[in-house]
Structures are given as structure tokens and as C-alpha cells.
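Reassemble the complex: the two chains are provided individually, in unrelated frames, and hints are given to aid placement.
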Amino acid sequence: MTLSLQRRFVTPGPGETVEEIAARALPDQDQGAAVDAIRSWNLHIFAMRRPPGLLLGSDVVFVEPPVG
Amino acid sequence: MYDVIVRGGLVVDGSGGPGYLGDVAIQDGKIAAVGRIEGGAHRFVEAEGRVVAPGFIDPHTHFDVQLLWDGAAKPALEHGITCVVPGNCSLSLAPLRAADRQRVIGMFQQIEEMPPAAFTEAFDWTWEDFAGYRAAIEKSLSVNVAPLVGHSVIRLWVMGADAQERAATADEIAAMQVMLRECLDAGAVGLSTSFVDVDENGRPVPSRFAQFEELDALSEVLGEYGRMLQIVPEFYAIDITIARIDQLAELSLKHNIPTTFSPVFDSTATPDNVARTMARVEEQFARGARVWPQMQTRPIDISFSLLRPSLFFARLPRWVRILRQPLEARIAALRDPETVEKMVADLGPDGGERMMGRLVVRGGDGAPAELTGRTLSDIARDRGEAPALALINLSLEHGLDVAFLNANAGHEVTERIGPMLAHPLVHIGASDGGAHLASFSTYGDTGYLFSEFVRKSGALSLEQAVAKITAETADIWGLKDRGRLETGKAADIVIFDAATIGRGEERPAFDMPGDGMRYVRAATGIDTVLVNGQVAYAAGAYSDARAGVICV
Ligand SMILES: [Zn+2]
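Going line by line, the protein sequences match chains A and B. Those letters in the first sequence? Residues 1043 to 1110, by my numbering. Those letters in the second sequence? Residues 216 to 767, by my numbering.
This is chain B alone, in the form it adopts within the complex (with noise of 0.2 Å):
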């Protein structure tokens, strides 16, 4: 007597084989039989007409606070998530010492753009070391977790606020790595690193003082367990990113490492890059380096209202630091007409024609109906004022809640985007899930690259699409038991409809601690989602199975 048989539907196992008609038995949490199943079970699961899938594996985000109290990171789980990475972009919230919190507190809000509320409303901070970290979050998970460590915040636990002053001393460097072998001994699947972000005064991040020493040392560490190294490299400048790709080649011959970079992605302005990108990828591949390029599968979009800070406005420190005041404040300066013309002003003589022009509102609580899907060029035109001053009192008018979307702003061309995410040494993720509350929805890249790039595009097949978001990406990062429906594995399953998978519609909610609010997609045709056999979700609803684990 099996716990469970899903009966009947197309099994995609992982592996990149051709789908089969099939049951799958699970038992104990792991899959017991896949094929034709006689015999019976607990609970059967009808998958007539649907693909049967391993769980998908997210391999970049920042749940590392949400999962503090949603053990589902709602809504990736409804997607067919199955198992996140949190802990990239060298931020973690472990080892973690009381008194550097507010700082990390900083860096999450300002690189990751996450509300404050989030980090103190919500749950105790019962931990400083990452056991402690793994143990508050391993009460309540619904989805699987193998969690990154932050080089930034293992720095900080040495050296203090000397971490984003200095090099360490060789003495430093050796503390270091005792922490990274505590973390990895508690269940860290490897250590990330930025060479780009700043924290929220504009200060470059710990891990950026590195010498090449410090992440060689570090990297050593990884090698004793063969775990991963993610960095963040300097997406912006080609030239850098090929330098970085030869750093990260370097640590994993040496360490035997498998290393990852994101983002990658594909812009029109410089079409070449991920052509120059790859190049340098195989070649690196071929000497025997393990360098894995993650790609996001979604466009570019971010959208913004001038309620709070966004990346948006990265390239225009006053409007930043204007954006950031206190709402009262931020309202008044935008009311200056002094303040305002410099505003204008930092947008150059099209008055922000290029930049904001293009930019559509969106429909929302404050927005005005009859402007919704209009551009903002097209309003500013009707109202007789540049782009950015339209931008400033259109806000105004409705109490700053007007929601602004720019919409493709890199990595959109379907027929482009597909070859590149078929690649076999692309690596697919980058979802930022967890992230970026306001700006775009990190939930539903895996719905997309079904029915972008295999219904509608083609650019890549059923079970190759699978395989990229399970089986590799469990290889890739060495998760033994995840990604493929085989005997013996994790019963992380996914079953949906191959003709209505997608993303759904972006949309606000309004449900982060403090009545924050992030945008969101809800999946669709997704029918059930199993982890560790249990089931997740189904029909549309969330159970209250907590089978999730730390699956390192």
C-alpha cells in the first residue's frame, strides 16, 4: 500500500527524455515507483490529461526574511516551485550578530528593495549563528530550502564595520573560513558574493572589499564540500563580466567549484554581450571550470510610484534621495518649485522625454481610470509639461498613489531570448524571487518559459524545458535527491496542464507585514504541487502541509 499514486498523467521525469503516460508511487516522502502501478494507496491523485513533473527549483532568491513567516514563499510554490535558494547577492540574514542587523537590515531595503516593516513586524529574531537561522525558519516550511550564506554578512561577523572599510588581515581570513565551514556544516549549499551592490547610503558592500585572496580562501572551504559559489558581477560593462567569468573559472579548477553568475540578460541596446557572455563560458567550460550563467526567462519591466524609493530612479541621486524622505517631507519637496526645476532639470533638455516617455500607467487604487494605458508622453503632451514634471504632479494630484510601468526594458525579444535560454550551459533562473517587492513580480518566470518558449515560441521542448528548471538545475547545484522523478528521489512533484501554464497577470497585493504591498502573479494551470509527498497545493488553495526541509 503506497502513501500516494499520482495516476495517469504524462510523465516528464527530469532527465530530458520523451514524456511517457505513467503513474508515479510515493512513499515515506520519496518516489517509490514510476511506470505502471498496480496496487493501492492512501490517496490517489488524477493527472489524466496533465504533465507530471519534478518540483522546479528557483535558484535565486532573497525569501531568506519571508520564510520566516510564510513557510510557502507564497506565491512561488503555487508556480511549482518546489525548492528555493535564498541567501544570493552575498546577503543572508545568518551569522548575524544582534547588533549589525539594522545594517543588513540596509542593504536588503536598498539592493533587494524590501520594506523595513518586513524585517520587524513579523517574527523574533531568535538567532545570530546560521543553525539558529536554519532552525527558525525549518519549524514551518512548506516548500524545500537550500539556503546560500552571504559573504557580506560573514565578513561583517569578523571584522565589525572594518568589513566595508578594509582588507582583512590573514588572521581575519582564517575566521572567515572556521564561519563558512560552520555554516556549511549546518546546511548552507554555498556562499554568495557581489561586486556591484551598495548599501543604502551608497556604500559599496562588504564582500566588494575583498581581496581576491579573501574569496580564494573562501572558495577553498566550498571545495572540502564541493558546494556553490553565486557573485553578482558587473552586468552593466561586458569586459567585467568576462574578467569575472575568468575569476570564477579560476576558483572552480582550483577547488573543483561549481560557480554561477547572474544576472545575465539580453538587451537590444547591446546585442552582443550575451553572444560575448557564452563565448567566454565555453571555452572556460572546456578547460574543465564549472561557470553557469543564470538567465531570468521574464522581460524587463518595473514599475513604480513615487510612494516609495525605486530602482527606476538609480541613475538620479536627487530624485533618489528626494524619494526616500519621509512621505510628508518627500511631498513638500516635490511641491518646491525650486526643488522641482532641479528635479526637471536632472533629466537633461527633452525634459525626461527619453527616460519617462514611454513609461504607461497602471491601473490602481489612485490612479485616475481615464489614464490608465496611457503613456506618460502622451499625458505630459496633453497637460503642456516635460515628461518629469507631468511625472511629479500627475503624482501629486493623487496623492503620490499612481502606479507607472515601464514595461520591456531589456531581455524581452522572444525570438531572441529562446535560443539563449536553450543553451545547454544556460543556466535558468535568476527570479530574484522575494525581491523587489515593488517594482515587478519575481513569482512566475517557470509559467512563462512554458508558455512563452514552448507553446509559443518553440524555442525549446516539454521535457527540455523541464529538465532545465529541475534535473540540471539539481545538478548544477549537487541537490542528489531533487529534480527527477526516479525511485529513490524526493517526492517533489508538480503536476499541470501544458496547454495553460503560465504566469498570470501581474497585479499589487497588499500583503507583507505592515500592509506592505509587492506585485504578484497567481499561477495558472498548475493543478497540484507535491513536496516531500505531501501535498502542497491543490485546486487553487494552499494546505497546511509543512513537509519542506532543508535540502542540502
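Next comes chain A alone, as it looks inside the complex (with noise of 0.2 Å):
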């Protein structure tokens, strides 16, 4: 049995940064663009968190919008 498609994630690495997950995720993407691409698709940590963008070793970060 084979999965559905479901939304691409990375969890960060120790210390790692949005910066650092943006170079490995989406490597072919104009760097600013994708950082701010990866904001805008986790809100869960870059809005909803206090402090705002801390990076957990837990987090699912998504590297694409919702799918379908």
C-alpha cells in the first residue's frame, strides 16, 4: 500500500537555523524568497510561538504550501 501525498516537512537540526533549513530544503530557490516562503507556510512557530521563530528539535517545518 502506498501513502497519499501529504505536505513535505524537515524537523531542524540542533541549532539550525530558518536560514540554514531554507539552503537544504529548497537549495534551487532565490534564499530570501524561500525563507520567506518558509515563514509564511508555519505560521505555527513564526507567529503563533512565543518568542516568534524559535526553532525547536521537535517542530515540523513545512518546505511547501498545503497541498491540493
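Think of the hints as simulated: they come from the structure by calculation, not from any bench. Quick caveat, the model's predicted, so the values are computed rather than measured. A portion of the hints provided could be inaccurate.
Derived CB-CB ranges, DEER-like [claimed, not checked]:
no. : chain 1 : residue 1 : chain 2 : residue 2 : range
1   : A       : L1085     : B       : T629      : 29 to 35 Å
2   : A       : Q1073     : B       : P639      : 44 to 50 Å
3   : A       : P1056     : B       : A490      : 35 to 41 Å
Simulated coverage check for chain A against chain B, where a stretch passes if three residues somewhere in it have a Cβ under 8 Å from a Cβ of chain B [stated by the list, open to error]:
no. : segment
4   : 1069-1081
5   : 1086-1100
Below, in silico cross-link-like pairs of lysine to any residue (SDA-like), each with a Cα-Cα straight-line distance of 25 Å or less [stated by the list, open to error]:
no. : chain 1 : residue 1 : chain 2 : residue 2
6   : B       : K469      : A       : L1098
7   : B       : K557      : A       : R1092
8   : B       : K469      : B       : A494
9   : B       : K469      : A       : L1045
10  : B       : K469      : A       : F1051
11  : B       : K557      : A       : A1079
Using N, Cα and C, we set each Cβ at its ideal position, and we do this for glycine too.
Structure below.
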């Protein structure tokens, strides 16, 4: 049985920044735009969290917009 | 000569098969025979016209602290619960060094809404390790306990304050594995972790600082024992929940362990979420993974007064800050016009109508009788105030002791919930027993399963409902001796009236240490509860029996 396609995500490495995540997850894109995109796809980290943007090792960080 | 024969009831044995008239004989705490039983017994329990079922298992509780002074986990036992699983959501009371106690008390206070007095007044902290905690509760148990150990406390044990700062080193992860093994050897039924919770300072709990590799390493240890991993996913966002399901499935397959996540609940605001969750769960089960979604039976009702902080205000940081202050300072703040203006402004241009208008004044000591049952929207209109302001002023006029009820805030549409509960892969649980004391009653969900979804809507048969909260739960958790009325199994038995079993009315009780308040429900329709062959509750009264064990 194959799994249906779901939204791709990565989890941050120790001390990894959003810039570093953008560089490894979206290497072919303009990096400024990639960082902005990751922020906009992960409001649970970059808007709702206090302090905003604190990255945790257990986080789900989406690297694409919602599918479908 | 048997010890006990339960005579003449409708035996619903937990298997899901049709009930039949019969007897259950008990010897040495175990079921000795089921069916038509000849022969004598020291004691007969008459069950004519009643259902005789295996004791119910409550797989998601926070009775960790209550069990230290109340081995019956009251009132869970009178609702037919004969086994509870404490230690959920990454929090347990062991392993825990004396120096870290305050920190973990703060987490219980914030996340599970339990008053600090519950942790300081009713017992002595005699332990640090898991075996010591086990010994402390084991002395006087009336219910059985299958305790989880919390990832956050294991992390704290190994890393100290750094547990809430950073990733673990390889050595620290190895030390956590050693500690988890020690806990499992001492009777832990598995490990719990959380991806959402914060402590009383708003800091993410230790488990959230773990890399996936850390959870993988701990799951490897669970695999040595075949024990459970429980998680709290980001239930407010379906995409993240699905990502968590996939992570659990990976761990389940790799280490051959059962996993469970809670809460899963329905909301008419996001009506597709449960269906999407279940679609993914089905796909993962089809691959062989065990990822059990835990669903509560009861609707989400939240009560609060301004006497103490409440989940209700979780999205209003200013309110939380003010309501956390000591009583005098809190009242002073609520009397300060400038502060109140800002608080009301936090609700937006409608003055709180959308968020607070539907609140209803509960009956209670402080509440004026003429307002009981009226909505805040209605009261605010009469007073010529915005709802948020009316809430503050009305509370001030009555020493803050006015309780408000936010009823049916989710998971409340019986026609939708019934089929979800009946789904073969839905694990019924998530009561949060022993937590959220002043917000809602976490007791009686099993009674509600029968009253609402067997009798009223018919979404489940009696036999199905019993199986869901007995044999199926025991199978999911690997509790081999529990959950079935079968020869050789532990004699955990509940005798109830199928026509009247229910969850009872929610009412405040002041029976927590330090006269702390909590909402409870008294069971209806439950005649007798036996734990390991001894009558623990009968005819409305708890017995002195202390037959409960750590049942892992
Ligand atoms: Zn919980």
C-alpha cells in the first residue's frame, strides 16, 4: 500500500536557523524568497509561538504550501 | 467454594460478541469460571437485570498526584473505571530529583490546571526514581494503574535545566535510554511526549527540545519491551497532526511498538479534520503501523471564574497575566479602569460578544440566583456594557466567585461523533482524568458513551461500546490480564444498569488538598465495581478494599 501524498516537512537540526533550513530544503530557489516562504508556511512557529521563530528540535517545518 | 459469584446478569464479556445470561465466578482475584455456575461461594453478588462487564480502562489520565492520597482516583472508580493510565502528555512525577520538583509542579499547574497545593499538602515526597513513586502509590490502590513515564521528566533528570534549552548530546540520549529502561523495568507501561505544551512561564516543555533522533532512540527501548508511545500532537492544525501520524508510524514500524495520540476531536469549524486524520491513520495501519487516535466521548465544555486562571483565556495573554496574580493584586487590577480598558480592547471591536457572549452563568455559591442560566450577552445588554466588561464587573460584584460555562465548544454533535467513536481504529479515551480541575469534569465519559451513543443515538451496540473501553483498550496497551471476562483474567468487573448508566450532573466539589475546587460527576446506573476480585464500590459507597495493582 502506498501512502497518499502529504505536505513535505523537515525537522530542524540542533541550532539550525530558518536560513539554513531554506538552504537545504529549497536549494534551487532565491534564498530570501525561500526564507519568506518557509515563514509563511509555518505560522505555528513564526507567528503563534512566543518568542516567534524559536525553532525546536521536535518542530514540523513545512517546506511547501498546503497540498490540494 | 469460590470467593465470589456474580449471579444472573447479562454477561457482556468485552469480546464484542452478544451478551448472554450467566454467572461469573471469582477465585484469588481472578475469574475462575464464566457461564452457568454450580457450587458455592463465600459471597454472592446479585446481578439480575444488570450488565456484567469487564472493568473500564481509562487510557489518558493525569491521576499521578491524586493517587498519592486517593487510591480510588475518585470519582473515576464509581464510574466503572478499574484501570487508569497516568503519566500522559510528557509529564509524570518520576523520575524526578527533589531539586526539579517545583519546575514540574509548575508544568502540571499550567498544562493540566492543577493547584500547587495538590502537590504540597497531602503527601510526602519520598521518592526520586520510578520504583520509589510506584512504591508510594502502590500501598493503597483501589484501582489498577498502568503508568506512563513522561519524556519531559526523563529529559530533566538527565539534562537538568538544559532540558528546556537545547538538543541532547549522544551521551545524554544514551543516559535517557538507560533511565527509560529502568522505568519500564519498574512497571511503566510506556513513554509519553508532547509537541504542544508550555510551562507556567510560556516556555516549551523539555520534550519539545528533542530531535526526532532522541525520540527514535527512546522508541528503540520501548521496542525492547513492546510498550506504548503516547504523544500530544498539534491538534489545532490538521497538516501537522498528519505529519505526527507519519512520524509515529515510522517509529511503530521500525521498533514494533504501539503508539497513540490525543486529543482528536470534532469541530464544526473544521468539519473535515477527523475524516482526514482517520484517512491517514487507515493508510498507516494498512502498512502495519499501529497509530491509535484517541477520542473523547464528551463534548468540550469549559467552566471558569476569575478566581483562578483558566484555559478559556489561553489566547488572551494580558488576561492570563492578570488572572495569575494573587487575589488582592488581581482584584486591584480588575478595579483599575486603565487596565480594564486594555483588557476589553483585547477582545476586539465587538467587546467580546463573539468569544464571550454565549457564556452562561452557572449556579454556585457566589452567583446571584437571578442570573443563573442567562447568557453573558443578555446580561451585558441589560447592563449596557460590553460582554467582556460585564464579565469583569459582575465578577467583582460577587468576590470573583461567579462561574461561567462555555458549553459545547466542540465535539458536541452526537450524529457526527457516534460514527467516529464506532470506527474500528478509534481508541476511546482522552478523558484527562484528574486534570483541568476547575474547568470541567474529567469523570463519567464512559457513562456518557452508554447514555448518548448506545441508548440515545444507537451508534454503537451495548457490546461494541463495552468492547471499546475494555478488551480493545487492553489489547492496544498490551494489558494481557485485563479487559475480558474470561477464565484466568483478573476479576475487574463492573455491574451496571444499561437503562440508566450515565455520567451524572457536573457539580463543583471542594475535596482537593487545601480545599481546592474541582468539577466532578457522580455516576448513575453503576451498582458494583470489583477490582481484582474485591468489591471496591457498591450501592453508592466506596469500600476499604485496596486490591489495585500496577498492572503492567
Ligand atoms: Zn493529557
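- Message: So if I understand the rule, the pair passes when the alpha-carbon distance is 25 Å or less; does B:K469 with A:L1098 pass?
- Response: Distance ~24 Å between B:K469 and A:L1098 Cα, so the pair holds.
- 8 Å C-beta test of the segment 1069-1081 of chain A against chain B, three or more residues: violated (count 0)
- Regarding A:P1056 and B:A490, is the given constraint of 35 to 41 Å on their beta-carbon distance met? holds (37 Å)
- Message: Given the hint of 29 to 35 Å, is the C-beta distance from A:L1085 to B:T629 inside that range or not?
- Response: holds (33 Å)
- Task: For the pair supplied as a hint, B:K557 and A:A1079, confirm whether the alpha-carbon distance does not exceed 25 Å.
- Result: violated (34 Å)
- Task: Go check the segment 1086-1100 of chain A versus chain B for me, would you? Three or more residues, Cβ under 8 Å, otherwise it fails.
- Result: holds (count 6)
- Message: Please verify whether B:K557 and A:R1092 have alpha carbons no more than 25 Å apart.
- Response: holds (20 Å)
- Query: Taking only the CA atoms, is the gap from B:K469 to A:L1045 under or equal to 25 Å?
  - Reply: Distance ~17 Å between B:K469 and A:L1045 Cα, so the pair holds.
- Take a quick look at whether B:K469 and A:F1051 sit within 25 Å of each other, Cα to Cα. Measuring from Cα to Cα gives roughly 20 Å; hence the hint holds.
- Would you mind confirming whether the straight-line C-alpha gap from B:K469 to B:A494 stays at or under 25 Å? holds (21 Å)
- Task: Could you see if the CB distance from A:Q1073 to B:P639 stays within 44 to 50 Å?
- Result: holds (47 Å)
Hint check: violations occur at hints 4, 11; the rest are consistent with the structure.
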